[in-house]
Amino acid sequence: MTPRSLRGRAAIVGIGETDYYKRGQAPHAEFKLALEAIVNACADAGIHPRDIDGFASYSNDRSDPSRIAAALGCKELRFANMQWGGGGGGGSAAIGNAAAAIMSGMAECVVVFRALAQGQHGRYGQGTAVPDVDGHAAHTVPYGLLSPAHMFVMKYRRFMHEHGVRQEALRAIAMASYAHAQENPRAVMHGRPLDEKTYDDSRWIVEPWHLYDCCLENDGAAAMVLVAGERARDFPHPACYLLAAVAGSQYRAGAPVHNTPDYATASFKTLAPRLYAMARMGPADIDVLQSYENFTGGVLMSIVEHGFCSAAEVNDFFVLDNLLAPDGQLPLNTSGGNLAECYMHGLGLNLEAVRQIRRTSTAQVPRAEVSMVISGPMVTPVSSCIFGSEATL
Amino acid sequence: MTSPYLRPGLPAPLPSDLDRPYWEGLRDERLLIQRCKRCARFQWGPEWICHRCLNVDLGWTEVEPRGFIYSHQRVWHPVHPALREQGPYVIVLVTIAHADEVRVVGNLLGDPLQDLVIGAEVQGVFEHHADADPAYTLLQWRYAR
Ligand SMILES: [Zn+2]
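Which chain is which? The protein sequence lines are W and L, in order. Using our numbering, read the first sequence as starting at 1 and increasing by one per residue. Using our numbering, read the second sequence as starting at 1001 and increasing by one per residue.
Quick caveat, the hints were computed from the structure, so don't treat them as lab data. Given the structure is predicted, the values throughout are model-derived calculations rather than measurements. Hints should not be assumed to be uniformly reliable.
[Said to hold, decoys possible] So the derived list for chain L, only partly shown, Cβ under 8 Å to chain W, looks like this:
1. Pro1008
2. Ala1040
3. Arg1041
4. Trp1044
5. Asn1055
6. Val1056
7. Leu1058
8. Gln1073
9. Val1079
10. Leu1083
11. Gly1087
12. His1098
13. Leu1109
14. Leu1113
[To be verified] To be clear about the criterion: a stretch of chain W counts as covered by chain L if any three or more of its residues have a C-beta under 8 Å from a C-beta of chain L, and this derived list gives those stretches:
15. 157-163
16. 185-191
17. 203-214
18. 245-259
Ideal Cβ placement from N, Cα and C applies to all residues, glycine included.
Isolated chain L (complex conformation) (with noise of 0.2 Å):
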């Protein structure tokens, strides 16, 4: 197992009964996605109804972890004491393929100084932080090959 992108102190992600099944689909290596049961429509970030036919009665279905860099920025400037040895890290934007335009945040493995490219396609990869209690996982990415 390699280790985790970015130095250990950030607040872990907390599972809460708007997201908690992404949460633990990520910890199965799987991406689930807000969907909405009547219109068939994906939506992200996580809302309580549906935004576009206000349906209660959302569901959640896996996604292939693939997409393309919508945005991107590589940060210098420390604002967390966990990050003050870190360096320069790269965060990307990424526009999941298949799922209704839906955007995730990550961060971009590899290299913090390699070239970052909008619309280039990345692949995701589980970062599991089995360590921490509760055990999380984080949805990272690196460039599709």
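The following block holds chain W by itself, in its conformation from the complex (with noise of 0.2 Å):
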């Protein structure tokens, strides 16, 4: 019997998006910006939208399937999906789950999609604003541990100490998606190059964190259309076959209160094998990465954690120019990513996984043939994909 796998079944037809706003400048409705990234993701499929039968999104997407279905007018609905867990954990999980409506016979055309307005409902990166907060909750508001950073700065910290890590790495990350996205107008920080001393003089969010190892807040919504692997050659642009899809996280990482037993982690220590091994590659075989960045130092553990170099070999591997394409040794967040391109909780870097299999990237890594994406580090659950052209199969 063969391996359960998604290896190939299912493929990327069409991508889309909004232009990116700055957070809560959105000229419409975060429903609205949802409608029109499928719509453009459909019009890159050469399908009409009526034809879409499913929807798989992630953190809690507000914008509800049966919703869209009826603004769309789909003429039926078979696929109605949400990955738990929160963050950009979620975007590669989304599509292995939409592949798997695919594989399975529950869907035919599903659509993978992520729309956020956070001006219109709320900031991630601020605190709560309530006068008291029980469960979980008290036992580490109350000492001022509020936002995201602070929430995970506390495992890249003991990563760092562990491993004797520089904050140069954390600059070379931050400075491979600044300078990518000079090269992509779609970009909110396009024309808005990065250097060593701006990153080193800019102040600290929690040390050892910067300004510029933070990701942005934005307004915007991008789209996926996913299809069978054997239809992918019925639509205008090259086929993107999804190779593997895995998500989840190792033992007990959602013990409250900072008790995960393995705590100085990206979560993808169980995923990585899993990923590799659907995939029947290593990482040697990964042409170009896209490896979402809350926060920088999210993104060095997961590269770790994906076997790309090791703990120790952190402080050599992570330099500007091995990290930037089109010839680095692994080309990195090639559009800009969630540090300087948008934020949309990480589904753009899948679209720009996709953008790089079929060759039509602004930073385009020559010859890419497979593609990989890391989503949502040190959140649970996790989640990973990798891409790759039809040579790949």
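Now that you have both chains on their own, put them together as the hints suggest.
Next up, the structure:
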């Protein structure tokens, strides 16, 4: 019996997005942004939205699939899926869920989407504005541990301590995103390059993370269209196949009040071996990587846990030249990513990974055949996926 | 009585059925940690059952408020209105000694710009908020002498 696998069983045939806005500056309602991105993804795929029969999203997206299907006039709804968990941990998981629905015959044409208008619905980077807290939050919030940066930096500080990571490693990650954003006219930080001095002189948000180690907060929406792998050649763009997708986290990752036994981790140690096994590949086969930057420290741990370098090698590996397209050792976040293109809870990273396979990125890696996305480090569950060209099947 | 480490206005902890003995213990200057009555192991943060043996009958055991800094952070950017005038402050994650490696979150008292040392021994300090309604107590930390 062949192992059960998503490899090649679904393909991304359309990608679409809205313009990206600074937080609170979107001219449309969040739901309308979702529709706009989906309509654009369908136009890219050369299909009519009425033929979508499934939706998958994550992070408690507020745009209800039944309402989207009604608004778009979809003929029928067969799959409406939400990946549990917060932050961007579900980005690649939602793609895996969509592919699983297609592979199992539950749906034919599934849209993965994420829409965010933080100005209309509160803000991620701000603490809670209530008089008291109970449950697990009561054990952190009264001590001023309030924001995502506070929740995650403690993990990174421990990793940094255990492995002697220098600040320059984080700076290289931030500078790679900003360098790639200068090539990308869609990027919010297009025209605003980042140099070493600007990074070094920038204020601390929370040590050891500077302002430039932290993601943007943006409004907008992104979407992609998935169909069965055997249909992928019937669409206008070069086929981009899903070679693997995995989601989850390690033993008791959800232990409360910072009591996860394996603490200093981005939560990918148990996922990465399954990801490579499904893709029948290893880190050396990956041509280009998009790795979710809620904070640069999470990117660093994610890349170690996916085997691109060991924890002992990080100070040598994370230098800017290694991370730049077109010919760095591991071109990273080639659209500008969450730091410098747009913070769309990471789905923008998945769109960029597809562009690399289509060879249409503004920071294209020559001869890119295999493209990886790592979604949502340090939360639980997290996820990652690998895309490949037809040549990789 | 010394003033609280952080400026007033942050959300106050509200005991729940999950952790009421913990908060009542702190008010009496006792650190009580959840401990399974069957397998006798500590667990934290609070859970409804023992994650090791699934026993539903959990007790609470007093432990000495001493431990070691497992990780830390110095916060500079205020994300709550109460902290606008606070300036930098330090949060530590402390492994409690002699309690199956459970960790608690607190502030490290003293100069917010002092050196932060992973592995250093710390001593618990009970910080009473007697004027709050309802009154509560936080467990803070300082370097052990
Ligand atoms: Zn037990």
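Each hint, compared with the structure:
Proximity of Pro1008 of chain L to chain W is violated relative to the hint, the smallest CB-CB distance being about 11 Å (cut-off 8 Å). Among the interface hints, the one on Ala1040 of chain L is violated; its C-beta lies about 18 Å from the nearest C-beta in chain W, farther than the 8 Å criterion. Of the supplied interface hints, the one on Arg1041 of chain L is violated, with its beta-carbon coming no nearer than about 13 Å to a beta-carbon of chain W, more than 8 Å. Taken as an interface hint, Trp1044 of chain L checks out: its beta carbon lies about 6 Å from the nearest beta carbon of chain W, inside 8 Å.
Against a cut-off of 8 Å between C-beta atoms, the interface hint on Asn1055 of chain L is violated, since the closest Cβ of chain W lies about 17 Å away. A least Cβ separation of about 18 Å between Val1056 of chain L and chain W goes past the 8 Å threshold, and the interface hint is therefore violated. At about 14 Å, the closest approach between the beta carbon of Leu1058 of chain L and any beta carbon in chain W exceeds 8 Å, and the interface hint on this residue is violated. Here the hint on Gln1073 of chain L is kept, as its CB sits about 5 Å from the closest CB of chain W, short of 8 Å.
Given the 8 Å rule on beta carbons, the hint for Val1079 of chain L holds: about 4 Å separates it from the nearest Cβ of chain W. Evaluation of the Leu1083 of chain L hint against chain W yields a held restraint, the C-beta minimum of about 6 Å falling below 8 Å. Proximity of Gly1087 of chain L to chain W is violated relative to the hint, the smallest CB-CB distance being about 12 Å (cut-off 8 Å). This hint is violated: His1098 of chain L has a C-beta 16 Å from the nearest C-beta of chain W, more than the 8 Å allowed.
Violation of the interface hint for Leu1109 of chain L is found here, the shortest Cβ-Cβ separation to chain W being roughly 12 Å, above the 8 Å cut-off. Taken as an interface hint, Leu1113 of chain L does not check out: its beta carbon lies about 10 Å from the nearest beta carbon of chain W, beyond 8 Å. Using a Cβ-Cβ cut-off of 8 Å, 3 residues of the stretch 157-163 of chain W lie near chain L, which meets the minimum of three, so the contact claim holds. A count of 0 residues in the stretch 185-191 of chain W with a Cβ less than 8 Å from any Cβ of chain L is obtained; the coverage claim is therefore unmet, three being the minimum.
Three residues within the 8 Å Cβ limit are the bar, and the stretch 203-214 of chain W against chain L gives 5, so the coverage statement holds. Restraint check on the stretch 245-259 of chain W versus chain L: 6 residues with Cβ-Cβ distances below 8 Å, three needed, restraint holds.
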